[in-house]
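Using the hints, position chain Y against chain X.
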Amino acid sequence: MKPQVVKNYQFPQSKEQMPFGPGSEAGVLIEINSGWRNLRPVINQEKCTRCLICWLLCPDGVISKDTPQLEIDYDFCKGCGLCAYECPRKTIVMEKEG
Amino acid sequence: MEKKHFLSGDEAVAFAVKLCRPHVIAAYPITPQTVIVEKISEFVASGEMDCQYLHVESEHSAMAACMGASLMGSRTFTATSSQGLLYMCEMLHYVSGSRYPIVMVNANRTIAAPWNIFGDHRDSLSQRDSGWIQFYVENAQEALDVTIQAYKIAEDPKVSLPVMINLDGYVLTHTYELVDVPPQELVDQFLPAFQTTNKLDFEKPKSLSFSAPPEWQTEFRFQQFEAMEIAKEVINQVDKEFGRVFGRTYGGLIHEYCCRDADYVLVAMGSVAGTARIVVDQLRAKGKKVGLVKLRSYRPFPKEYFQDLGQRVQAVGVIDRDISFGYEGAVYSDVKAALYRPGAQVKTVNFIAGLSGRDITKENLAQMYEPLEALALGEKVSEIQFTGLRWT
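Chains as they are written, first to last, in this note's numbering: chain X, 164 to 261; chain Y, 264 to 655.
Keep in mind the hints are simulated off the structure, nothing from the lab.
Careful, some of the hints might be misleading.
If you anchor each label on the Cβ, the simulated ranges turn out as follows [said to hold, decoys possible]:
| # | chain 1 | residue 1 | chain 2 | residue 2 | range |
| --- | --- | --- | --- | --- | --- |
| 1 | X | G224 | Y | E489 | 31 to 41 Å |
| 2 | Y | G336 | X | S227 | 34 to 44 Å |
| 3 | Y | Y603 | X | M181 | 30 to 40 Å |
| 4 | X | S227 | Y | S587 | 49 to 59 Å |
Since the structure is predicted, the reported quantities are computational estimates derived from the model, not experimental observations.
Glycine included, C-beta positions come from ideal geometry on N, C-alpha and C.
So here's chain X without its partners, still in its complex pose (with noise of 0.2 Å):
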């Protein structure tokens, strides 16, 4: 499931609103992190057969089964390459970004 960015979020604007100590709600995204890449990986979806090992192994979750071709959130990739590397078929490809 893709992450939700969540938009106007409030930061504190009190002594009051600030959290106790470093500890927050979970799982809130309030920007997209994906600027420091390079390179974006590409899934040739006519070789893939959803072995599902660059799921399996994305350091960032950003690869997702449950559409009926696996899609990479290009939000959130970080181009690291590990799926390209590992993919068995050599379907994925490492493209250098515009």
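Below, chain Y without anything else, positioned relative to chain X:
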């Protein structure tokens, strides 16, 4: 009914920990602390204590384990000394920055090199800025009582900071005295179960000890600063409440002896305060107006107290069982900074003494009052004096 036991300082701490009913103990041995976790392991083995006793692989892991347990809402305990304290240094900051009320006893021991297992304060004072509350105790009874107080202070929601209780290696850890061990019912009444406000929870998942960017780091540091300021008041209140329940009080942040009309006073931390009181009595019998300030809480530091003291005495000597090379004793720096307010005429001198377990004798202490008297009379003395140094 309180029961008297013949206990070493380490054993007194173990009895206190048992009475506080912690859920998780992380144990890694190091001299002269080992007897504490050894005695606790006996309590656990015999069924007298019901808790998870973790044999961890290092002091760093001990503190990490305590932090993990604390964020699940467990009351935790660990103990260490010297090199062990330094090894867990990174985790000390994690725990205080994340605001987990862990209680730890540090059996004071010097730091290598030269290697030595005996006591001074160089280990704990090197962790001054780790964000932990630091107590220094004088005897086994105070070690037991302050351990019980420490949980109440640490777990106060307004404070929520970790507490390190410092116990002089060997002089306190391995010497025996009669100790009043309070009954469990009284301790239960004084110290209710730990209620965390910052818990890992399956129903309401939280992200804990997260990173804070430059835009937010200062606000979290201000929270820690404020909590320490609040702790000053809480430490005094808890000591008074302890007195009402158990009949013993220690004065909170500091304990004064014969200071009301004193011309010159010594400031000391830990076990040497007991010896110094005898010396004060002897000098008072000779008509000298001397006093003693036992500094109990090094962090938070009783700044306001020393600001006031600087207005009413003529000379203050500070005993440091440590030295900050390139400057002076660490306690002296703090005391001096608080004493000297605009207009203060007080004179000061620093005694570097009791390093690596060297005894601070009654004669040493009596001699420390001599330069203080000279200062009070307007004479000059050297500011930093090494007690008992063979040659310069």
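Okay, which hints does this one fail, numbers in order?
none
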